[in-house]
Amino acid sequence: MVDPAPLHDPLRDVFVVPVRHHSPACAAQLAALLDQVQPAAVLVEGPCDFDPLIPLICDARTRPPVAVVALRQLDGAARRKRATSYFPFSAHSPEYVALRHAHGRQVASQFIDLPSHARAMLFDGEGEPARTLQGDETLFDSGDYVTALARDLGCRDGNEVWDQLFETRIADADWRRFFADVGQYCACIRAATAQSVMETDGTLEREVQMRALVARARAATQGPIVVVVGGFHASAMFGDHPGDGAPVPPSGSEASSYLVRYGNRQLDALAGYSAGLPLPGFYQHWWDWHHCERANGATDDWAGTLIGGFVAHLRGQGRAPSFPVMLSAIEQAKRLASLRGRPLPLRDDVIDAVRSTFIKDEIPRAGAALLQELHGWLTGSAIGDVPPAAGSPPLVEAVRSEARRLRFVVDDGEIRTRNLDIYRKETHREASRFCHALALVGAGFGQRTAGPDFRNDVALDRLFEVWSVGWSPMVEARLIEVSELADSLPEAVIAVIAERIAALAEQGLGRNAEAAIDLFATACRAGAGESAGAILQLVEAEVIEDAELRSVVAALSDAVLLRRGHKVLGISDPAPIDQLMHTIWRRVLVLLPELAAIPADQARPALQALADLRGVIEIARSAGFGFDLGPFDEALARLEAQDLAPAIAGAVMAFALLDGRADGQALGLRLQVELAGAYLDAGERLAFVGGIIAISRELLWTVPQVVEALDAVVGDAEEDDFIAMLPHLRLALMPLDPGEIDRLSTIVAERLGISPDALAQVVAISEDEALRNAALDRELARKLEAEGVA
Amino acid sequence: MNAEIQNLRAPAELRHADELARLAEADNAPRPAGWQLSPRAVRRFILGDPKLGVARKFYGDDPLVDRAIVSLMSRQGLMLVGEPGTAKSMLSELLGAAISGTSALVVQGSAGTNEDHIRYGWNYALLLAEGPTERALVPSPVLNAMRSGRIVRFEEITRCPPEVQDALISILSEKSLALPELGADRVEAARPGFNIIATANLRDRGVHEMSSALKRRFNFETVHPIDDPAFEKELVLRQLAERLEPEAVAVKGAEDVAELLVRTFQDLRSGRTAEGASLNRPDAVMSTAEAVNVLHAAALEAAYLDDGKLGGGHVARQIQGVVLKDSPDDGKKLRAYVDHIVKERAARSGLWKEFYTAARALKLG
Chain W
631 MVDPAPLHDP
641 LRDVFVVPVR
651 HHSPACAAQL
661 AALLDQVQPA
671 AVLVEGPCDF
681 DPLIPLICDA
691 RTRPPVAVVA
701 LRQLDGAARR
711 KRATSYFPFS
721 AHSPEYVALR
731 HAHGRQVASQ
741 FIDLPSHARA
751 MLFDGEGEPA
761 RTLQGDETLF
771 DSGDYVTALA
781 RDLGCRDGNE
791 VWDQLFETRI
801 ADADWRRFFA
811 DVGQYCACIR
821 AATAQSVMET
831 DGTLEREVQM
841 RALVARARAA
851 TQGPIVVVVG
861 GFHASAMFGD
871 HPGDGAPVPP
881 SGSEASSYLV
891 RYGNRQLDAL
901 AGYSAGLPLP
911 GFYQHWWDWH
921 HCERANGATD
931 DWAGTLIGGF
941 VAHLRGQGRA
951 PSFPVMLSAI
961 EQAKRLASLR
971 GRPLPLRDDV
981 IDAVRSTFIK
991 DEIPRAGAAL
1001 LQELHGWLTG
1011 SAIGDVPPAA
1021 GSPPLVEAVR
1031 SEARRLRFVV
1041 DDGEIRTRNL
1051 DIYRKETHRE
1061 ASRFCHALAL
1071 VGAGFGQRTA
1081 GPDFRNDVAL
1091 DRLFEVWSVG
1101 WSPMVEARLI
1111 EVSELADSLP
1121 EAVIAVIAER
1131 IAALAEQGLG
1141 RNAEAAIDLF
1151 ATACRAGAGE
1161 SAGAILQLVE
1171 AEVIEDAELR
1181 SVVAALSDAV
1191 LLRRGHKVLG
1201 ISDPAPIDQL
1211 MHTIWRRVLV
1221 LLPELAAIPA
1231 DQARPALQAL
1241 ADLRGVIEIA
1251 RSAGFGFDLG
1261 PFDEALARLE
1271 AQDLAPAIAG
1281 AVMAFALLDG
1291 RADGQALGLR
1301 LQVELAGAYL
1311 DAGERLAFVG
1321 GIIAISRELL
1331 WTVPQVVEAL
1341 DAVVGDAEED
1351 DFIAMLPHLR
1361 LALMPLDPGE
1371 IDRLSTIVAE
1381 RLGISPDALA
1391 QVVAISEDEA
1401 LRNAALDREL
1411 ARKLEAEGVA
Chain C
40 MNAEIQNLRA
50 PAELRHADEL
60 ARLAEADNAP
70 RPAGWQLSPR
80 AVRRFILGDP
90 KLGVARKFYG
100 DDPLVDRAIV
110 SLMSRQGLML
120 VGEPGTAKSM
130 LSELLGAAIS
140 GTSALVVQGS
150 AGTNEDHIRY
160 GWNYALLLAE
170 GPTERALVPS
180 PVLNAMRSGR
190 IVRFEEITRC
200 PPEVQDALIS
210 ILSEKSLALP
220 ELGADRVEAA
230 RPGFNIIATA
240 NLRDRGVHEM
250 SSALKRRFNF
260 ETVHPIDDPA
270 FEKELVLRQL
280 AERLEPEAVA
290 VKGAEDVAEL
300 LVRTFQDLRS
310 GRTAEGASLN
320 RPDAVMSTAE
330 AVNVLHAAAL
340 EAAYLDDGKL
350 GGGHVARQIQ
360 GVVLKDSPDD
370 GKKLRAYVDH
380 IVKERAARSG
390 LWKEFYTAAR
400 ALKLG
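So the sequences go chain by chain: W and C.
All you need for this note's numbering is the position in the first sequence, starting with 1, plus 630.
All you need for this note's numbering is the position in the second sequence, starting with 1, plus 39.
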């Protein structure tokens, strides 16, 4: 048996109040204690560097759940590798109740734990960066003592044990007995915990600090002191500890902390948050009912209030159960509570009642949708609020006000769908950019579920962009993380993009112009606007290192498109993009001579790059910001003089024709040579034509020699050769659209002296079949000839 | 020994008569009208009370027992659903015995069940001799339960045709049954304490649908297979002891073999081993009840055909009878389990090696 921890130390006149974080019963009993004791000082477990935030926590405009978020540097890690941890308060946190009490009566209050940057606070028992700065309470659920107790009491887990033993006593009149029992319970849990565990997880170190700060406060204060600590630590606050040193002072430079809005969803112990109770929404209802409704005598039917609330929630979704089912659930909850020896139905009773009465079917092991809905409702979506002067970083303020301006709801955590008419409405375009930006920053604000995708040329006919958005404390938390790098969202976007460009090399995408410009374009789409210039140098550095013509041309294409659409993207000064565009253009010129070294069998990507290049040049010209083509033509002329792969030679020839350096005559001669060449493979014979057509299809009808040469080749070819050539010919002519095919066939028909319609007949057989038929035809002809009947 | 206990299987109220008596004696909590015990005593009867020497009889889901007891206090009936062999019938028997003192009021549902089994029938000799009189009326277990304010059990309700099931609808909602043959106004009203526990299997082959009107009158409770191996082992061993006691058979090594058996059943039932490897689940039902059957048969083999020491080999030879029932593929699935999972365990443990060697010799397809 473990000795119960005393609640009051008469020698020092110190009350040590053992609590469980976020327990409504502890909060209610603590309020009674404080009213009676009227302490001269209130000390609360929590990092001592949070003291400056106490006035904000107690501000009348602060509405829990809120949390202090602490950003700390991890030892020896890279600059941006930081730990972000939370110290949440709900309306029913004993710590919050204690601080508010002290604040309301102008009594001194302070936090007494180690500073948030202390090593013991940075890591949890497993050496991972700690997510919560409140002591780990998993022992309340999983320790040997609690497991055994649960079995004895007929409870399913430690949380039900807690509810059964303590939450039921929220309205008890005797706070001394209540806290004596909490203390005893926690002392038993501590007795079942190994000393080595408390050493490694920092418990003992933290308790030294708490004792030291209690002693210091004792020396400085007249009158009773109330110390509110996690029940686990209560017994360690008593007795002599000669080895204790002086308290560790907070350091201003190693950590920064802010009071931010927090949400029930994040408070949920089931979601991995290790201090607190599962389904915080339930405890919120439990606290509210005791504090408001019961106190005002409005209704005495707790089960009815709660289950009725859930039914109303379901009704909002159009799937409420019938009234008798609701009554049956309320009755079931009350009877379950009575069977289990509780004055009122608690969490598990309500869940059990709904499970029994609402679902008329077998429930799979994975659970039923309705039960998930109940869990969601009992978790709650409430988000707190902090005073405007809460000192949140400028970035958070800026984003929040921008969100409000764009009419996004930031007052709760509901997920909503937003349709953005991005073509017609400027504000919708801004909202779209805002969503893109937050997505880029990784804030988890929204997800685009539908809309045109300009980058991949998909669904361009969609007029609306659809986003599923929900503001959550995690959005703010991520923004706080980024806030050291930026004060506005566009700056944050730039900071994140800069990080990503730096990370490209690690992903094997170093020196890749396309990847870099893609990030730049992303930044522009996300509304980086004028700030985009800041990452220009980084992008340029990637571009001038890129050795792949294909990716440089793709980058050029992106840059040209950005330049053309700069107004839509909110960039009023196109100079930075111009500069980037010309850098890429110069890189293209540097890479062009290397085409000479490309072997014939690897020519296709290079050909594609040249074809894209022509398209980009045309777009640039039509948009009125053409490139300086002089050096380009020179580079091509030098190429022409070299021994090139046939396809590339064709492409270079096409550029020469377009530029006027060559004429139809020269092309016709060259074609005859190429087409009559002694290539074994028919494909190689046609590669040159393919190169021409890839760059400039219009040469087929503007330069008659092309068709002439083709005609000659086709006309002279033996049947077998022709059939072997056919697929390659088809490949070469593939870039043509139907209108162009018509145009070409008209020219061919004119040459052959037949009606163009004769060539345009649709033959509904497959290519394979046509080839087979042709072979069969030849075979038949041979046979007929052999038989002498041809 | 009570003469009735000599039966192949005595009803729960006789098997646990001592425990029920002790509970009734110690029970000072209020009882709902018509109940033999208070709800808390019913709970202790089923979930055990070491202080009163009451053994635990249902494992794995205590809150379900609470919900079931509370449902029986309400106007709703209690519907226990779940896979075969999950102790639904046992639970309904225990509830009936504890609440009403009898588990004998039972309708055993089948394709041949008709409305007479739910309402009432006639003794035709008396009917011809006396006309429709009280004496000629043969009340169904349901009518009996209504008259005496007790729990009636309806086993395998989904095996009955839906129109027969629906005879329960008005009985459940009005808690009364008209007997027009005995007089125009003759209605039999249920006494307090009357309620229905139905058990059903919603997914087995050859079961019928239930109308939603009927469903609405029940609170549903799903009984899942036990997923805590320690619980399941305890249960299997206890039931083995119960079965072996009357036969005066004693075997050694049951503890370890039960662990092996439960592990195997849990692996095959869940499709995932304790070590986290995935495997194909056989279609056959791998229930705790089947595990008890396997262990019982293995123990008999060890006792009568071997030296009385239960080993992995005995289990392996019996397990094929459980797995090879439904689908020929199940044999292949068991073979794969033996070849991969069991083989690896065989390298570390003698017992698993016995199991492996014997299982390899089976024709599993």
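Watch out, some of these pointers could steer you wrong.
To be verified - Here are the computed lysine-lysine pairs in the BS3-like style, where the Cα-Cα straight-line distance is at most 25 Å: (1) W:Lys964 with C:Lys392; (2) C:Lys291 with W:Lys990; (3) C:Lys291 with C:Lys348; (4) W:Lys964 with W:Lys990; (5) C:Lys371 with C:Lys402; (6) C:Lys254 with C:Lys291; (7) W:Lys990 with C:Lys402; (8) C:Lys382 with C:Lys392; (9) C:Lys371 with C:Lys291; (10) C:Lys214 with W:Lys964; (11) C:Lys402 with C:Lys364; (12) C:Lys392 with C:Lys371.
No lab work stands behind these hints, which were simulated from the structure alone.
Is the Cα-Cα distance between Lys371 (chain C) and Lys402 (chain C) 25 Å or less? Answer holds: Lys371 (chain C) to Lys402 (chain C) is near 10 Å, not above 25 Å.
Measure nothing beyond the straight line between the CA atoms of Lys964 (chain W) and Lys392 (chain C); if it is 25 Å or shorter, mark the hint as holding. The given pair, whose Cα atoms are some 54 Å apart, is violated under the 25 Å limit.
Hinted pair Lys291 (chain C) and Lys348 (chain C), Cα distance within 25 Å: 5 Å, holds
Take the C-alpha atoms of Lys291 (chain C) and Lys990 (chain W), compute the straight-line distance between them, and say whether it is at most 25 Å. With Cα atoms ~46 Å apart, Lys291 (chain C) and Lys990 (chain W) exceed 25 Å; violated.
Assess, step by step, whether the Cα of Lys964 (chain W) is no farther than 25 Å from the Cα of Lys990 (chain W), and give holds or violated. Given that 25 Å is the threshold and the Cα spacing comes to 20 Å, the pair holds.
Do the alpha carbons of Lys382 (chain C) and Lys392 (chain C) lie within 25 Å of each other, as the hint requires? 7 Å, holds
Given pair status - Lys291 (chain C), Lys371 (chain C), alpha carbons within 25 Å: Distance ~31 Å between Lys371 (chain C) and Lys291 (chain C) Cα, so the pair is violated.
For the pair supplied as a hint, Lys214 (chain C) and Lys964 (chain W), confirm whether the alpha-carbon distance does not exceed 25 Å. Roughly 23 Å between the alpha carbons, so the hint for Lys214 (chain C) and Lys964 (chain W) holds.
Just to be careful, I want the Cα atoms of Lys402 (chain C) and Lys364 (chain C) compared with a cutoff of 25 Å; is the pair within it? Holds: Lys402 (chain C) and Lys364 (chain C) sit about 14 Å apart, inside 25 Å.
Hey, Lys392 (chain C) versus Lys371 (chain C), does the alpha-carbon distance stay inside 25 Å? 20 Å, holds
Can you confirm whether the C-alpha distance between Lys990 (chain W) and Lys402 (chain C) stays at or below 25 Å? 43 Å, violated
Going straight from one Cα to the other, do Lys254 (chain C) and Lys291 (chain C) come out at no more than 25 Å? 48 Å, violated
Violation of the numbered hints given earlier is confined to hints 1, 2, 6, 7 and 9; the remaining hints are satisfied by the structure.
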